[in-house]
Amino acid sequence: MKKLINDPKTVVDESVEGFGQAHAGHVRVHTDPLFVTRKDAPRAGKVGLISGGGSGHEPLHAGYVGYGMLDAAVPGPMFTSPTPDAIIPATIAANAGAGVVHIVKNYTGDVLNFETAAEMAEAEGVSVRTVLVNDDVAVEDSLYTAGRRGVAGTVLVEKIAGAAAERGDDLDGVAAIGQRVNDNVRSMGVALSACTVPHAGVPSFELAEDEIEIGIGIHGEPGRHKIPMENADAITQRLLEPILSDLAPAAGERVLLFVNGMGGTPASELYIVYRHAAKVLEAAGLIVERSLVGNYITALEMQGCSISVLRLDDEMIELWDAPVNTPALRWGM
Amino acid sequence: MKKLINDPKTVVDESVEGFGQAHAGHVRVHTDPLFVTRKDAPRAGKVGLISGGGSGHEPLHAGYVGYGMLDAAVPGPMFTSPTPDAIIPATIAANAGAGVVHIVKNYTGDVLNFETAAEMAEAEGVSVRTVLVNDDVAVEDSLYTAGRRGVAGTVLVEKIAGAAAERGDDLDGVAAIGQRVNDNVRSMGVALSACTVPHAGVPSFELAEDEIEIGIGIHGEPGRHKIPMENADAITQRLLEPILSDLAPAAGERVLLFVNGMGGTPASELYIVYRHAAKVLEAAGLIVERSLVGNYITALEMQGCSISVLRLDDEMIELWDAPVNTPALRWGM
Amino acid sequence: MKPTLDTAWAVQWLRLAAKVIAENRMALIELDRVIGDGDHGENMDRGFSAVLTKLDAEPPATPGAAFKLVAMTLMSKVGGAAGPLYGTAFLRAASAVGDAAELDSNTLAAALAAARDGVVARGKASVGEKTMIDAWTPAVDAASAAAASGATPAALLAAAATAAEAGSVSTDPLIARKGRASYLGERAIGHRDPGSVSSALILRAAAQAAGEGA
Amino acid sequence: MKPTLDTAWAVQWLRLAAKVIAENRMALIELDRVIGDGDHGENMDRGFSAVLTKLDAEPPATPGAAFKLVAMTLMSKVGGAAGPLYGTAFLRAASAVGDAAELDSNTLAAALAAARDGVVARGKASVGEKTMIDAWTPAVDAASAAAASGATPAALLAAAATAAEAGSVSTDPLIARKGRASYLGERAIGHRDPGSVSSALILRAAAQAAGEGA
Ligand SMILES: Nc1ncnc2c1ncn2[C@@H]1O[C@H](COP(=O)(O)OP(=O)(O)O)[C@@H](O)[C@H]1O
Ligand SMILES: Nc1ncnc2c1ncn2[C@@H]1O[C@H](COP(=O)(O)OP(=O)(O)O)[C@@H](O)[C@H]1O
Ligand SMILES: [Mg+2]
Ligand SMILES: [Mg+2]
Ligand SMILES: [Mg+2]
Ligand SMILES: [Mg+2]
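Protein chains in written order, with our numbering: chain A, 1491 to 1823; chain B, 1491 to 1823; chain C, 1443 to 1656; chain D, 1443 to 1656.
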């Protein structure tokens, strides 16, 4: 394992410290427990929006702290949900009296820790609503599993709910639009290589030189199945099929197409995937109204990508286009 | 070799096609020959700014086409300079009568092809100035080599010269500020792994499991020397030493600190490097006035990073902060 | 063998648990790497290291206080799924034993049952779903049977640990229905659930602290 | 052996060059991968494939026109350092031979010298700096000597190719002072310069097209 780190035990603390220094104009880093807030949090009258989860998915979540997106983020240890003792003060720091929305990716650990934190924050007088993100269609039968995972759709939920909070929607309103985004987004990923968690020191799974893993999540966990390597167009098709069959958009509907890099894939390859994905969607009669391509939610240095399709409506488009100013997503200001 | 591509021969064309679709609001892609222009190029009265070079360094250069930065970019084949037949029409497309500045990274191929193109564009009545970027202190004795390479400093030259062009500086003025940035920036890189050029199919050099390559460029070429793996702080120190000894900034001077990912390194690691680099600079009495951290000029999926230090003055800070709106760098609008 | 266990036992349990978790850190990481995300050993070790520090800083006055200390520490240090689950388990055990200075076999059996019920309340898993419940439920059953037959606390804990170990082994052929391994479907078959292993290690430490060898 | 070479020879030369470059594509990539950036074979093959297409589309009327065609095509298709250098070489050769329909040995020697001078004008390399010049300069010297001694064009080209091949081999022990390999310092020692190899291949093709075997 070769990594630009000093010690597996200090990776998250040192990384977030550096992040805080590099983006001192946007964020403030709180230590012990570790969480990140908007420099100007809490913003009077505004519903607070927070998210968190295991580290290793950068820029998620701390990279989305700022105007028009998150008020606070809680980075857990590598690939491990943060604990209530960090989520609670982050919730309180994000609360300006209008309540706080927790955006939680659907993993047992995240759900349990945020649940506990929400209860305890409520006990301290903060109204909390939770939006559970579960957009990963790779998890087929949610009756027999912990349910669909939250993956790349999280970024879209955070952006759009964040814009709703920024324009002044109330607590239930912000939670409702976040929920609507989640209900309308589906994702699916592929890995060409695994990733290595610093404290484990070996890759999270094995792939032969001519194998790829279809339906991976963002924690280096194996996916639906291994298949022999295929070309980019064929892989793109494979990822889009379950998305489209599950989302079942009608011809003429507008969508946002999001091709996300897992951390170790060159941008040029993401655009090759985007190119064919846009073709497939257009052939299905859909209108690709908005796009996002890049490393927005990663699994360390994993090679691979995910595709997400979000069914848009006028309000979502307006909120997507609204100004955002965070370290990792910025436009309009 | 596993890559999200269809065919090594079509990588660049398909990738740029996808890029053009995903960023149709910013850019227009011209094919045969291949180049990318600002959607609204040429902009009346404005000096045109263009750059280009081998592909595989994305988002460089096409990702920087847009308001406040480049008017056109010319992507060559993978790691191979583009040819005059593409550079010439890009130059003409960027010319609004005020002339065009070529930003050229110092490699024999880039220099020769841009030189030919500049001559021929001049022959067609376009005034051309060239800024040669050569910030890589890994190339020690430029008397006995092709001279220092142009690496990450290129992004800073493009941003700052681009802002000067946008505010209305004339041809010589834009070239002069670009030259000033180049004169004040130094960079040095490290690789933890090599990268694989699609048409070659094997990694560009070999590194043992406990070796790293110090002083690499951005083409998968070997660097100054191999050393045994070290921790992030030690590597950071090693990269900064030749930068500081060559740039020789005085205590109290303001600098921009740029930690650039080579394509396959997680953002969390770049921030760990940033953290220590900022410490070293502050210990040297320097003021880290501006920062940039991320994958801005890459070598495909190489793991590693480069550090650049730019000595700032008031005008450079003003131009750095000026609004920019490109696919890969955006703020203020 | 003593008919009751006291605070010294509880503290010794937690120290032994911390030791055995540290020793098995890489083994738990490896199990979790195969069917999860490779952090279980790291998480548990971080949590129990913190427990050691806390035990030194604020020595608990009763077994219940020791359980509460470990509950709060694991809840705030472990993270992931295991943190809240173990945290709830120890919190419920603390409630079950109250302020008692000495725990007899019946109280111990009740505490183990309360702990298990706490994990079920949070995680909604039942036996056969390839989670730590596959270790806890046989352990609780063995403890109840031991208490009913008048066994000493030490014998009861030994029986519980042995049952937990067997329960952990029984997860090998299962498909997971809860937690991260559930995403794998049939690919989880043949691999042991890491949480069931850590559970068995912790229960074995309890028996050892009570004077029962491995 | 004919005392002059015509347009058919020039076309045949370019076809054979395209063939041998295609055959050596991976070998040139591999040489460049070791001390450069691994694209030389790809670049040259892309260029000469385009030359073949152009030859079919617009058959040249004179040797000079053929040289001009290959110059413009390589200039616009090869990229990198080699594109402008080979482009300039063939452009200067085209100027040197003018509109002549038949090229005698003196004209050929002059054309080769002009080509080499073009590469030097653009790339500023001298012999011993581990570049294609280390193949071209011995080739030019051999061609001049052959012309002076009254050799046929075919013999002249064979001598030039042989000298280029030896020149290419002579780059093995050198440290590079120009081009990408110069960044390597001593690490370039022991590896052959890819541009010198492609130059020797192209000159050998010229001899073969004139009827001289390998
Ligand atoms: N719903 C659940 N009920 C009971 N135990 C569970 C549940 N989900 C997960 N577990 C246990 O947690 C263990 C994984 O813990 P850990 O690796 O620390 O957390 P994470 O899965 O969040 O990375 C599993 O091996 C399993 O025993
Ligand atoms: N300044 C120069 N003068 C002569 N030949 C050169 C010079 N620089 C490079 N070359 C030749 O070009 C070859 C490399 O070409 P190529 O790999 O296609 O371009 P690049 O180095 O841009 O990738 C080298 O092997 C060398 O023979
Ligand atoms: Mg985890
Ligand atoms: Mg090249
Ligand atoms: Mg785990
Ligand atoms: Mg090359």
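In case anyone wonders, no lab produced these hints; they're calculated from the structure. Think of the CB as a built atom: it goes at the ideal place given N, C-alpha and C, for glycine as much as any other residue. One should not assume that every hint holds.
One side only, chain B facing chain D, incomplete, derived with CB under 10 Å [what the hints assert, rightly or not]:
1) G1615
2) Y1634
3) V1687
A quick look at each hint next to the structure:
1. At its closest, the beta carbon of G1615/B sits 21 Å from a beta carbon of chain D; the interface hint therefore is violated under the 10 Å criterion.
2. With a cut of 10 Å, the hint placing Y1634/B at the interface with chain D holds, because the nearest CB-to-CB distance is about 6 Å.
3. Interface hint status for V1687/B: upheld, as the beta-carbon distance to the closest one in chain D is roughly 5 Å, under 10 Å.
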